[in-house]
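The listed protein sequences correspond, in order, to chains A and B.
Per the numbering used here, residue 234 is the first one in the first sequence, and the count goes up by one each step.
Per the numbering used here, residue 234 is the first one in the second sequence, and the count goes up by one each step.
These are calculated hints, taken from the structure and not from any lab test.
Treat the hints with care, as some may be off.
One copy or any two copies: either way a pair holds, since identical chains are not told apart in the list.
[Said to hold, decoys possible] Computed cross-link-like contacts, DSS-like style, restricted to lysine-lysine with a CA-CA straight-line distance of at most 25 Å:
#1 Lys389 to Lys283
#2 Lys418 to Lys383
#3 Lys383 to Lys588
#4 Lys535 to Lys580
#5 Lys542 to Lys349
#6 Lys418 to Lys498
#7 Lys418 to Lys389
#8 Lys542 to Lys465
#9 Lys498 to Lys542
#10 Lys580 to Lys283
#11 Lys283 to Lys542
#12 Lys383 to Lys349
#13 Lys418 to Lys580
There are 2 protein chains.
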Amino acid sequence: MSEWSRSPVVGIIGGGQLARMLCLAGAPLGITFRLLENHQECPAAGVAGKLFQGDWNRPEVLREFGQSCDVVTLENEFVEASALRTAEESGVRIYPTPATMEIVQDKFLQKSELVKHGVEVAPFCSVVDIIEILRCGTEFGWPIILKTRKLGYDGKGNTTVSGPDDVERAWHYLGGGRHALYCEKFIPFESELATIITTSCSGERAIYPIVETIQENHICRQVLCPAPFEDKLLREASSLAIRAVNAVRGIGSFGVEMFLSRSGKILVNELAPRVHNSGHYSIEACHTSQFENHLRAVLGLKLGSPDLKVEAAVMINILAMQNLSRWPSGLCQGFNNFPGMIHWYAKTESRVGRKMGHITTTGQSLQECLQLAQEIVSTIY
Amino acid sequence: MSEWSRSPVVGIIGGGQLARMLCLAGAPLGITFRLLENHQECPAAGVAGKLFQGDWNRPEVLREFGQSCDVVTLENEFVEASALRTAEESGVRIYPTPATMEIVQDKFLQKSELVKHGVEVAPFCSVVDIIEILRCGTEFGWPIILKTRKLGYDGKGNTTVSGPDDVERAWHYLGGGRHALYCEKFIPFESELATIITTSCSGERAIYPIVETIQENHICRQVLCPAPFEDKLLREASSLAIRAVNAVRGIGSFGVEMFLSRSGKILVNELAPRVHNSGHYSIEACHTSQFENHLRAVLGLKLGSPDLKVEAAVMINILAMQNLSRWPSGLCQGFNNFPGMIHWYAKTESRVGRKMGHITTTGQSLQECLQLAQEIVSTIY
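So that you can see chain A by itself, here it is in the shape it has in the complex (with noise of 0.2 Å):
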């Protein structure tokens, strides 16, 4: 365990909702937070201390900004590792360590990493041109999906090809030739199931419940907690979340995201090196949130318990339609009919498919707690 002898000071990278939760949860234990952003009115902006604005992707700027906190932290996978080495170089304490981000950030690298550890995942291939997608269509079997192996998030850098007729439109939907791509097998799944796990810097470790996540249009929509599904399925699928953030060194909370196959089989679908949205729900269903552990794990506190102190939990996102605007007219119905449920991003733009805040319910049963969900849900829209 750590001894801080004075009030830590942790920095952000990235200033969206991940980065508010942080702080919101970070500051009853007195920790000060700094932020690195390029957009002044970010979320996080108004509940944390002070925010330095600038280009996480430039190294001196990231020096600078970590040389004025105890430890540096992300809120996305996106900030370039070369960055952050140069930073850690200069002897700021990054974590996750810039070697564990360079292997996640690059899902091709990740899953190879995965693969060589033992992690059950997809098949996989790395392709350079349209011949080598074809290649791995035909090895595979039709469709396929093709991903970006950067910057790819929410559905956003993949496509399906659905055969070789639909290689060239894929490969220039994604970019190819200018951005690296690889290829999954398509695996017909019948539920993405996921969890949380919290790494200390000191080497503890808590395990957050697995839950069932429900996507459309490949953005998470629903989080169901426990997720419905017998103990030794849900054993299994906790103990692969663990070898896979084993196998890239994961420190602080990782999104451990798994598909179930429709032949019983788990494997990892990717991961996340930050808190996840599909462990929002533990602010309000278990003794400590991911995002307080996730602190306690980069300033080597102990971490505290992830247990669930209900029966049940529902999270669902609040996603913007064309009509929802910074604070729509139905969020107000929301908190009047569903009062201390709601959590509002605060975001100052809003585009159609953008996550602008979340409900959590919790209850005796999965049911009970799906019911209230989406009766609140129907008042905000």
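Given chain A, put chain B in place with the hints provided.
Same frame as chain A, but now just chain B:
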């Protein structure tokens, strides 16, 4: 219920720990905060959007500040009611209202108003000179309590007058002649009780459980929830507290301090027109905290449930000792031993007896909660 078509802006006069906890409670709701405070490095500054530096007793400052907010509220009762009135007359919405603040901030007026509405308080009397104090002592019986009508808190602004020979000391000690004073009959009490009553500007009301507060040197040290007394007595205390808040037409969360006399009678000691130390336990222990409900109340949003979601809770204040620095080394030990229950206020200065943070434990029984809380506290000091 009010309908806000955009994120409402709440102005808070004062930037101490109460403002800090209001900001932390309001952030998930997407509320925008502004603080009016003389000191830039105040506890709330790190977690609120915007700090206006200025003297809140100057009407023009208060008016300008108020006009940038949708609603203004307070974290202390010391703001000049006349300054609040000037701002209100220029169209600023202020809750609690200046009319309520005028009554509550002068304890003599406050008690007179309570008596006028049939609320039981200890006998009291305004005094303008030493002769009137002597007359009170004869009437009430010695000892008596001499108090300043305004600006008293945490034992400041009052003294026990043991008998006629002690009157001159007491008069000079409290600045008699310069400060308006009043006398109260000394009530040998068995216990001190308290509660939070939240009243919305729309008329809705939330009634928190009755707690027992344990003071040392007039400063609240421990809060036990629920107070370990029979239901009939707790119901009587609740009813008295509601009548007290009604008497001053209080809006927002109000702390109501009460005495349980040795003869079993409950008297109102005093009202705090704001969120109150005796309600901090509600963050962990109640469905909706006194802080969130205060914000809901001043914004006209529906109130959340003030009911306990655990069997019992204990709150212990962390007071500065000579050896308690801004971030005492034991604090880290506290975080390490008992994750997730410490609230640190991030004060930049410490003086003996100052409230630096608090701890809340929840559990199956008061005994269990007390034991854990005392263990935590012992590691911090």
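Can you tell me if Lys418 and Lys580 fall within 25 Å by alpha carbon in one copy, between copies, both or neither?
neither (36 Å within a copy, 56 Å between copies)
Intra- versus inter-subunit Cα pairing at 25 Å for Lys418 with Lys389:
within (18 Å within a copy, 73 Å between copies)
Copy assignment of Lys283 with Lys542, given that the CA separation must stay at most 25 Å
Neither: 34 Å inside a copy, 35 Å across copies.
Are the CA atoms of Lys498 and Lys542 at most 25 Å apart within a copy, between copies, both, or neither?
neither (29 Å within a copy, 39 Å between copies)
Regarding Lys542 and Lys349, is the shortest C-alpha distance of 25 Å or less found within a copy, between copies, in both, or in neither?
neither (37 Å within a copy, 47 Å between copies)
Alpha-carbon proximity context of Lys389 and Lys283, limit 25 Å:
So Lys389 and Lys283 fail the 25 Å test inside a copy (31 Å) and across (35 Å) alike.
Between Lys542 and Lys465, at a C-alpha cutoff of 25 Å, which is it: within one copy, between copies, both, or neither?
within (21 Å within a copy, 31 Å between copies)
Within, between, both or neither, where Lys383 and Lys349 count as close if Cα-Cα is 25 Å or less
within (20 Å within a copy, 72 Å between copies)
Intra- versus inter-subunit Cα pairing at 25 Å for Lys418 with Lys383:
within (18 Å within a copy, 75 Å between copies)
Between the shortest in-copy and the shortest cross-copy C-alpha distance, which are at most 25 Å for Lys580 and Lys283: within, between, both, or neither?
both (18 Å within a copy, 16 Å between copies)
I want to check one pair: Lys535 and Lys580. Are their C-alpha atoms no more than 25 Å apart within a copy, between two copies, both, or neither?
between (33 Å within a copy, 24 Å between copies)
Measure nothing new, just compare the shortest in-copy and cross-copy C-alpha distances for Lys383 and Lys588 to 25 Å and report within, between, both or neither.
within (21 Å within a copy, 49 Å between copies)
Checked against the numbered hints given earlier, this structure breaks hints 1, 5, 9, 11 and 13; the rest are met.
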